[in-house]
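**Q** Residues per chain are reported as follows:
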Amino acid sequence: MSPQEQQFLEFVQSGGQVETNDWMPDEYRAKLIKFIEMHGNSELMGVLPEREWILRAPTLRRKLALTAKVQDEVGHAQLIYRVVEDLGKPREACLDDLISGKAKFHNVFHYPTKTWGDVGVIAWLVDAAAIISQKALLKCSYAPYARIMKKICWEESFHILHGRDVVLTLMLGTDEQRELVQEALNRWWGPLMQFHGNPIPAEEDPMFVWRIKSQANEEARQQFLDGYVPQIWELGLTVPDPELGKDEETGLWRYSEPDWDELKHVVTGHGPRSQERLELRRVAREQSAWVREVVLAEAA
Amino acid sequence: MVWEVFRQERAGQAFQHAGSLSAPDLRFAEIYARDFYGRRNESEALWLVPREQIHGVGEFADELERNYHRVDGYSLKAKLKEARDRAGKAPAGDR
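Order-wise, the sequence lines are chains D and A.
Counting from 1, one number per residue, gives the positions in the first sequence under my numbering.
Counting from 1001, one number per residue, gives the positions in the second sequence under my numbering.
Next comes chain D alone, as it looks inside the complex:
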């Protein structure tokens, strides 16, 4: 590492923030692009499991709320890809790499949404897990990314509200409806526990070293468990992990080892819905190409 790079590293590690036109090491820029691009991809791909339920949502209000959530998430993708563009990678290149399978997106968006219970559990717990990661990005060493996170976190909090409302409504319904939520929780618990990644020490995580992330994976997972397990339990739901419990001495949660092989398998494009969703993204991009052409031609 050159003295200039060393100085930069010390600067970000002591809480310094960097702007778009500031000098930055190539490695830092590459890591930023990779991390932020994956975030953008996840926002964009994350709407697909929910989109399937817009037409099947039980009431008009739920349809509208779900549509609004989809709009929010696509808006986040737009904001995030803008940040990537300013770092030097155009949005079209991001979409190329997403569709070709070269770039990744979050594990939870590779799974099917079987029932309306899944929609509630996703909006409540997947968004809750996501907001924990995103809140930690408010302190990101790359300031333009940290700034847009404020708006994103604010909107995510609506989604949690919406998800909680869906789940509560079902829990106040019939036994069959409660069963729907329990089954969805059973399906999503594994992916949720994998969501924050394997518990590597922060000092060995390059994203932490450069202060792109401000917390370790395990810290995020513990925060998630601390915040949401009590909320799950109080509704009479069962978390499908017999090992789960809080160690009163250490204040840390114990849990069964998440399936890290599954995580790796899924995010490399081998999840139950990975290819189908990428194909949908490809077709959607192709079918909307004429709109982009018309818009650009008219503006020219």
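Honestly, the hints are just simulated from the structure, not real lab data.
Note that CB positions come from ideal geometry on N, CA and C, so glycine has one too.
Any given hint could turn out to be false.
To be verified - Just a few of them, taken from the derived set where beta-carbon distance is under 8 Å, the chain D residues facing chain A:
#	residue
1	Gly-75
2	Gln-78
3	Leu-79
4	Arg-82
5	Ile-148
6	Lys-151
7	Val-295
8	Leu-296
9	Ala-299
Got chain D; can you put chain A on it based on the hints?
**A** Only chain A this time, still in chain D's reference frame:
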């Protein structure tokens, strides 16, 4: 084309940079900005500025150490203590 968006949260407040968006012209920029920054009534008003129209200025060197127009140019603490001590020692009739 990149547009910088400035957002006023409530009437009377300063406009703050909110983010940027790509739009081919002002018409689309306005439609996108309304949707991105106004659909939850979170803004009172927006300013849209083409990025290339913004001229950034930074690095404010003070080579002449002109600290007389900065707060750190006035250290009253020691002087005030001295002045108080002096006043305390003065004969009663002078107070």
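**Q** Next step is simple, just say for each hint if it's right about the structure.
**A** Here's how the hints hold up against the structure:
1. A least Cβ separation of about 6 Å between Gly-75/D and chain A falls short of the 8 Å threshold, and the interface hint therefore holds.
2. At about 7 Å, the closest approach between the beta carbon of Gln-78/D and any beta carbon in chain A falls short of 8 Å, and the interface hint on this residue holds.
3. For Leu-79/D, the interface hint holds, since its Cβ comes within 8 Å of a Cβ in chain A; the closest pair sits about 6 Å apart.
4. Satisfaction of the interface hint for Arg-82/D is found here, the shortest Cβ-Cβ separation to chain A being roughly 5 Å, below the 8 Å cut-off.
5. Nearest Cβ of chain A to the Cβ of Ile-148/D: about 5 Å, under the 8 Å cut. The hint holds.
6. Given hint, Lys-151/D at the interface with chain A, holds; its Cβ is 7 Å from that chain's nearest Cβ, closer than 8 Å.
7. Because the smallest distance between the Cβ of Val-295/D and any Cβ of chain A comes to about 6 Å, under 8 Å, the interface hint for this residue holds.
8. With its C-beta approaching chain A no nearer than about 5 Å, Leu-296/D sits inside the 8 Å limit, and its interface hint holds.
9. Taken as an interface hint, Ala-299/D checks out: its beta carbon lies about 3 Å from the nearest beta carbon of chain A, inside 8 Å.
Checked against the numbered hints above, the structure breaks none of them.
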